[in-house]
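J.: The sequence shown begins at 52 in the numbering used here and counts up by one.
Bear in mind the hints are in silico, worked out from the structure with no lab data behind them. Mixed in with the good hints there might be a few duds.
[To be verified] Taking lysine-lysine and the DSS-like style, the derived pairs with C-alpha atoms no more than 30 Å apart in a straight line are: (1) LYS223 x LYS179; (2) LYS314 x LYS357; (3) LYS223 x LYS211; (4) LYS222 x LYS128; (5) LYS301 x LYS209; (6) LYS58 x LYS69; (7) LYS222 x LYS209; (8) LYS223 x LYS285; (9) LYS314 x LYS301.
[Said to hold, decoys possible] If you anchor each label on the Cβ, the simulated ranges turn out as follows: (10) TYR219 x GLU57: 35 to 45 Å; (11) ILE119 x ASP324: 43 to 53 Å; (12) GLU283 x LYS353: 14 to 24 Å; (13) LEU193 x ASP279: 56 to 66 Å; (14) LYS222 x HIS70: 48 to 58 Å; (15) ASP289 x ALA207: 21 to 31 Å.
For every residue, glycine included, the Cβ atom is placed at its ideal position computed from N, Cα and C.
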Amino acid sequence: MVGAIEKLQRVPLREVWKHEAYDFTQWLQENLDILNDALDLELTSAEREQAAGSFSIDLVAENNDGQIVIIENQLEKSNHDHLGKLITYLTAREASGAIWIVSEPRQEHINAIAWLNESTNAFFYLLKVEAVRIGSSSPAPLLTLIAGPSNEAKVAGKAKQEIVERHYIRKKWWTQLLSNSKAKSHQHISPNMRQYICASSGYRGLDFNYLVGQNNCGSELYIDRGKDSQDENKMIFDKLQLLENSINEKVNYPIKWQRLETKRASRIRIDLDGGYKSSEEDWPAFHEIMIDAMNQLEAAIKPELKKLKI
Numbered sequence: 052m053v054g055a056i057e058k059l060q061r062v063p064l065r066e067v068w069k070h071e072a073y074d075f076t077q078w079l080q081e082n083l084d085i086l087n088d089a090l091d092l093e094l095t096s097a098e099r100e101q102a103a104g105s106f107s108i109d110l111v112a113e114n115n116d117g118q119i120v121i122i123e124n125q126l127e128k129s130n131h132d133h134l135g136k137l138i139t140y141l142t143a144r145e146a147s148g149a150i151w152i153v154s155e156p157r158q159e160h161i162n163a164i165a166w167l168n169e170s171t172n173a174f175f176y177l178l179k180v181e182a183v184r185i186g187s188s189s190p191a192p193l194l195t196l197i198a199g200p201s202n203e204a205k206v207a208g209k210a211k212q213e214i215v216e217r218h219y220i221r222k223k224w225w226t227q228l229l230s231n232s233k234a235k236s237h238q239h240i241s242p243n244m245r246q247y248i249c250a251s252s253g254y255r256g257l258d259f260n261y262l263v264g265q266n267n268c269g270s271e272l273y274i275d276r277g278k279d280s281q282d283e284n285k286m287i288f289d290k291l292q293l294l295e296n297s298i299n300e301k302v303n304y305p306i307k308w309q310r311l312e313t314k315r316a317s318r319i320r321i322d323l324d325g326g327y328k329s330s331e332e333d334w335p336a337f338h339e340i341m342i343d344a345m346n347q348l349e350a351a352i353k354p355e356l357k358k359l360k361i
């Protein structure tokens with residue numbers, strides 16, 4: 052028969068460690084194995100009150116690889132001040148990682164630690180500390196991992212960084228192209244971070260687009276009048292394609308007539324070499340060709356659109 056099972060009781064932290072620096076930090080220094088067990092780490096030789104400029108770090112430890120790890124203790128709700136200290140201490144000591152121990156982690160700080168693990172080369176742990184007892188036993192520490200590093204976080208962070216970099220370089224590409232564009236339709240268009248920038252042809256749902264990929268670019272007329280417009284889009288494309296030979300003769304670039312049978316939209320496109328991953332020194336030459344292709348495409352198609360009365 053199972054004997055009586057006691058309830059786990061929470062004990063106010065200040066009843067166990069009255070002073071954060073003198074009691075809790077000293078206790079943690081002497082009981083580093085409890086922290087190691089909670090995080091599956093092997094920290095050694097923790098030293099107290101290490102200087103970091105005009106600040107003082109609670110604990111500085113090392114792991115078996117000789118990497119420095121900062122430990123910041125806070126026996127209260129997490130706050131911005133301690134998060135700032137954690138990052139300041141880590142950079143001041145050129146540490147590989149940091150551990151933040153709090154009594155009550157706020158969601159915004161959980162999110163911040165997750166972001167730091169995704170976005171930096173350092174590792175960060177956020178733990179919740181509690182004191183517990185069973186029956187009349189002495190209080191015992193309970194450390195719970197709230198947020199920490201993972202391979203998945205690093206992969207996600209790298210992917211996000213690549214997206215940010217891609218958006219930045221595409222906007223730079225468009226900024227340079229638009230500053231040189233002679234096409235009236237694109238004179239008042241602002242650069243963006245997307246794969247394309249568009250300008251209206253003057254007819255609903257018909258846009259002249261510049262396009263860019265990593266290693267390719269282009270100019271096109273894109274036909275899409277929105278929801279439930281597939282039949283209308285194909286009709287407009289078919290009317291223009293009846294003039295294919297005439298339009299092709301007016302443009303000095305190969306034109307792809309793409310009806311896109313399984314799509315709502317259709318397009319008339321000129322594909323060109325060179326993209327945002329190309330050497331930036333070559334961008335002006337690619338832009339010049341894109342602009343020339345756009346000017347020729349507009350000049351060939353716009354008069355026909357007027358005749359079609361669409």
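J.: If a hint holds in the structure, say so; if it doesn't, say that too.
T.: Verification of the supplied hints:
no.: 1; hint: LYS223 x LYS179; verdict: violated (44 Å)
no.: 2; hint: LYS314 x LYS357; verdict: holds (25 Å)
no.: 3; hint: LYS223 x LYS211; verdict: holds (19 Å)
no.: 4; hint: LYS222 x LYS128; verdict: violated (41 Å)
no.: 5; hint: LYS301 x LYS209; verdict: violated (46 Å)
no.: 6; hint: LYS58 x LYS69; verdict: holds (25 Å)
no.: 7; hint: LYS222 x LYS209; verdict: holds (20 Å)
no.: 8; hint: LYS223 x LYS285; verdict: violated (34 Å)
no.: 9; hint: LYS314 x LYS301; verdict: holds (28 Å)
no.: 10; hint: TYR219 x GLU57: 35 to 45 Å; verdict: violated (59 Å)
no.: 11; hint: ILE119 x ASP324: 43 to 53 Å; verdict: holds (49 Å)
no.: 12; hint: GLU283 x LYS353: 14 to 24 Å; verdict: holds (19 Å)
no.: 13; hint: LEU193 x ASP279: 56 to 66 Å; verdict: holds (60 Å)
no.: 14; hint: LYS222 x HIS70: 48 to 58 Å; verdict: holds (53 Å)
no.: 15; hint: ASP289 x ALA207: 21 to 31 Å; verdict: violated (46 Å)
When held up to the earlier numbered hints, the structure conflicts with 1, 4, 5, 8, 10, 15 and fits the remainder.
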